[in-house]
Each structure stands twice: as structure tokens, then as C-alpha cells.
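Start from chain A and add chain B according to the hints.
Number of protein chains: 2
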Amino acid sequence: MKLLEEKILSCGTVLPGNILKVDSFLNHQLDVTLLNELGKEFHRLFSSYNITKILTVEASGIAIACFAAQYFDVPVVFAKKGHHKNIGTDCYTAEVFSFTKGTSYTVAVSRKYLSSDDTILIIDDFLANGQAALGLKKIVEDAGASLAGVGIAIEKGFQDGGKKLRDAGVNVKSLAIVDSMTDDSISFREDG
Amino acid sequence: MKLLEEKILSCGTVLPGNILKVDSFLNHQLDVTLLNELGKEFHRLFSSYNITKILTVEASGIAIACFAAQYFDVPVVFAKKGHHKNIGTDCYTAEVFSFTKGTSYTVAVSRKYLSSDDTILIIDDFLANGQAALGLKKIVEDAGASLAGVGIAIEKGFQDGGKKLRDAGVNVKSLAIVDSMTDDSISFREDG
Numbered sequence: 001m002k003l004l005e006e007k008i009l010s011c012g013t014v015l016p017g018n019i020l021k022v023d024s025f026l027n028h029q030l031d032v033t034l035l036n037e038l039g040k041e042f043h044r045l046f047s048s049y050n051i052t053k054i055l056t057v058e059a060s061g062i063a064i065a066c067f068a069a070q071y072f073d074v075p076v077v078f079a080k081k082g083h084h085k086n087i088g089t090d091c092y093t094a095e096v097f098s099f100t101k102g103t104s105y106t107v108a109v110s111r112k113y114l115s116s117d118d119t120i121l122i123i124d125d126f127l128a129n130g131q132a133a134l135g136l137k138k139i140v141e142d143a144g145a146s147l148a149g150v151g152i153a154i155e156k157g158f159q160d161g162g163k164k165l166r167d168a169g170v171n172v173k174s175l176a177i178v179d180s181m182t183d184d185s186i187s188f189r190e191d192g
Numbered sequence: 001m002k003l004l005e006e007k008i009l010s011c012g013t014v015l016p017g018n019i020l021k022v023d024s025f026l027n028h029q030l031d032v033t034l035l036n037e038l039g040k041e042f043h044r045l046f047s048s049y050n051i052t053k054i055l056t057v058e059a060s061g062i063a064i065a066c067f068a069a070q071y072f073d074v075p076v077v078f079a080k081k082g083h084h085k086n087i088g089t090d091c092y093t094a095e096v097f098s099f100t101k102g103t104s105y106t107v108a109v110s111r112k113y114l115s116s117d118d119t120i121l122i123i124d125d126f127l128a129n130g131q132a133a134l135g136l137k138k139i140v141e142d143a144g145a146s147l148a149g150v151g152i153a154i155e156k157g158f159q160d161g162g163k164k165l166r167d168a169g170v171n172v173k174s175l176a177i178v179d180s181m182t183d184d185s186i187s188f189r190e191d192g
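One line per chain: the protein sequences are A and B, in this order.
So in the working numbering, spot 144 of the first sequence is number 144, and the numbers just go up one at a time.
So in the working numbering, spot 38 of the second sequence is number 38, and the numbers just go up one at a time.
Looking at chain A on its own, in the form it has when it is part of the complex:
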């Protein structure tokens, strides 16, 4: 998606450790006009599925998921990280290993908000090692729901999360796929 690639080129910065810093518009400060366009694009890409719910994970997936949900006219469910006493114990859970932090955390969704009647679109801001998306996929499967696909804003194509998901038969659509990045250049995959 040209609009997103141009925004990454103009506002993103590359930090040591393969970090692509896009916190001026995607995951700290939020450019809601851009995010609305991303939501619209996810709707275009997945409109042929009868999506009943959008699933994401707190915190930075929530905004994009909400804008997409407006076009699908369905609710968002966001998985919570760690243990939340307010969420109750009757949850679907998955362990997610964070390569950034070097530790695992639990993501949880109340059983009330996913069912075998649901067709789920997973949306998240980043796909790198794919651990979060794989955790959400497990939760969808545990609920007996159908997974229509995974919509990602920025995929790090040089990490293996996208391959893992696609090899598992998941329909992954990433609006921008970064194939390589250095201090002074970012290049995108053509079909991104």
C-alpha cells in the first residue's frame, strides 16, 4: 500500500536491533487519518469473507482494528496481556514469546466473546517473528471459530513470522512488507 510505504519512508527510523520505529504515527502517536485508510484497505482485502469479529491484541493493534471494524460493521475483541483479574478465569489463552523482551507473556480472551459461529479476522500493527499472531490463531482455533485471515500493517519480511503463518495455510495480507532496512534505507517487497 503506497500510502503506508511513503509514510514509513518519511517518518520511520531504523534503530539497532532491527527495530523499525514508527511511533510518530502507528504505535504511540496515532495518525488517525492514515489508520482509517489502513482499516478501509483491510476491508477491501477481506470483504469477501463473512467476518463476524476482528481480533487483535493490546495495545497497538487496537486502533487499526477499530478503524477496520467500522467498515466491516463488527465488534473488535482485543486479547489482554498478562493476568487481569477483571477478565475472569474463563478464558482462551496462549503463551507468546517476545524476542524483543526475551520473555514470554500470556494473551487471554474471555470465552464469552469468541464462539464456533465466528469468522475471525486477526489484525495487528506488526508481524516479525509471528509469535503474537500464532498465539491469536491458537485462541481462534481453541474457540472453534473460523480464521478468515490475518491483516498486518507492517510485516518485517526478513523475519520468519509471515512464512510460518503462510506455511500453516493462513491468508496473510500485509499492507507493507519491509524486505530490508539499514540506517539510511528501507526497501519494500513489490507485492507488499
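Hint data in this document are derived by calculation from the structure and do not stem from the laboratory.
Keep in mind that the hints are not guaranteed to be accurate.
One copy or any two copies: either way a pair holds, since identical chains are not told apart in the list.
[To be verified] Below are the DSS-like pairs computed for lysine-lysine, each with C-alpha atoms no more than 30 Å apart in a straight line: (1) LYS81 x LYS2; (2) LYS137 x LYS163; (3) LYS81 x LYS137; (4) LYS40 x LYS101; (5) LYS112 x LYS2; (6) LYS21 x LYS163; (7) LYS2 x LYS173; (8) LYS112 x LYS81; (9) LYS81 x LYS101; (10) LYS7 x LYS81; (11) LYS40 x LYS112; (12) LYS21 x LYS112; (13) LYS138 x LYS101; (14) LYS7 x LYS163.
Same frame as chain A, but now just chain B:
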């Protein structure tokens, strides 16, 4: 706001420990149609201020803040909880005590995204003891920005956060103020 009060009455449940559980529409599953109406109402209430940014805190404030931001046509900035190495060290921070969890946590906003030119509207889903809102207020002040007000979806009127903020001269607008709640009834303040 009648729409929100009716939703609370039809879908909210009261749990021991003064917990009002509204996770079917506000902070786990998200009713984006309703949240969009809340965003529109915040715009009506604060449209006379020249708001330049909406400030909230992850995670459950993000959705409402985004919908409101669409009407104001301004970015959202969400404060991050805990230590995030991606956010950098050049932050405005505040300590927030959580009565629910009995511990403190840090909220942080990168200095890049708040300035003395900004007029800020703080938005959050809940106001109870007011600790999160007071933390965000401190961050706004530390940045030298102007605080136009605080917009809250649900205020627990029987806890003292609203009083603390209003006594400090803050323009607080809550879309629903719960004056009392028991296992089988929830009553709202008339001017809520």
C-alpha cells in the same frame, strides 16, 4: 448520555469490589458503533476548544480516543505503561497507583509528541480514584501544554477521582456518572 447509560444497564454487571464490568462493549470486546457515538459526543462537548491532540493511556482508552480524534481531526497519543525500550528514555513520566492491583506503575509519553503549543484533551474509559487522569494531567503540565479538559466514558461518582480533578480546576465531562451500584441496580447522576 442516555445511549451509554442504557448500554450499561443492559450489558454491565456489578462484581464484588465495586467493579463495574462492561467488557462486552467497552474494554475487552468493543462495540465500535457505540464508541463512535461516544467520540462524537466528546467532540460536541469540547468543540469550542482548539484541541490539537488527544491524550489517553493504553489499553482501553485507545479505542474511544481514536473515535473522538476523527471528529477533532487531530492525532491521538497514548501513554505507555511500564518501561518500553522502544519508546526511548526522553519521556514525560508519571507514577500511577492502581487501587485495583495495589501497586504503582509508570506511564510515559515521548517528549516528541507533546509540546507547549499543544492544547490537550485527555480521554479515558473509566474515572474512579482518578490516579491515571492525574498522571496524564501531570504529563501535560510537564510538557508545558494546555489542558482543555478530561473526557470520561464512565465515572464512578461514589469514588473521589472526579472531585479531585474538578477541585483542581479541571473541566471534567463524564458521559455517564454512576452514583451507586448494587448487585441488581445501577443508578446514574442526573447531570451525567
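Here's how the hints hold up against the structure:
1. LYS81 x LYS2: Cα proximity of LYS81 and LYS2: none, with 32 Å in one copy and 32 Å across.
2. LYS137 x LYS163: within (15 Å within a copy, 44 Å between copies)
3. LYS81 x LYS137: both (15 Å within a copy, 26 Å between copies)
4. LYS40 x LYS101: neither (32 Å within a copy, 38 Å between copies)
5. LYS112 x LYS2: So LYS112 and LYS2 pass the 30 Å test across copies only (26 Å; inside, 38 Å).
6. LYS21 x LYS163: So LYS21 and LYS163 pass the 30 Å test inside one copy only (23 Å; across, 39 Å).
7. LYS2 x LYS173: Result: close within a single copy only, 14 Å intra versus 40 Å inter.
8. LYS112 x LYS81: both (17 Å within a copy, 27 Å between copies)
9. LYS81 x LYS101: Close inside one copy (14 Å) and across copies (15 Å); limit 30 Å.
10. LYS7 x LYS81: The answer is both: 29 Å in one copy and 26 Å across copies each meet 30 Å.
11. LYS40 x LYS112: both (28 Å within a copy, 28 Å between copies)
12. LYS21 x LYS112: Classified as between: cross-chain Cα gap 13 Å, same-chain 35 Å, threshold 30 Å.
13. LYS138 x LYS101: Both, since 22 Å and 29 Å are each at most 30 Å.
14. LYS7 x LYS163: within (25 Å within a copy, 43 Å between copies)
The earlier numbered hints that this structure contradicts are 1, 4.
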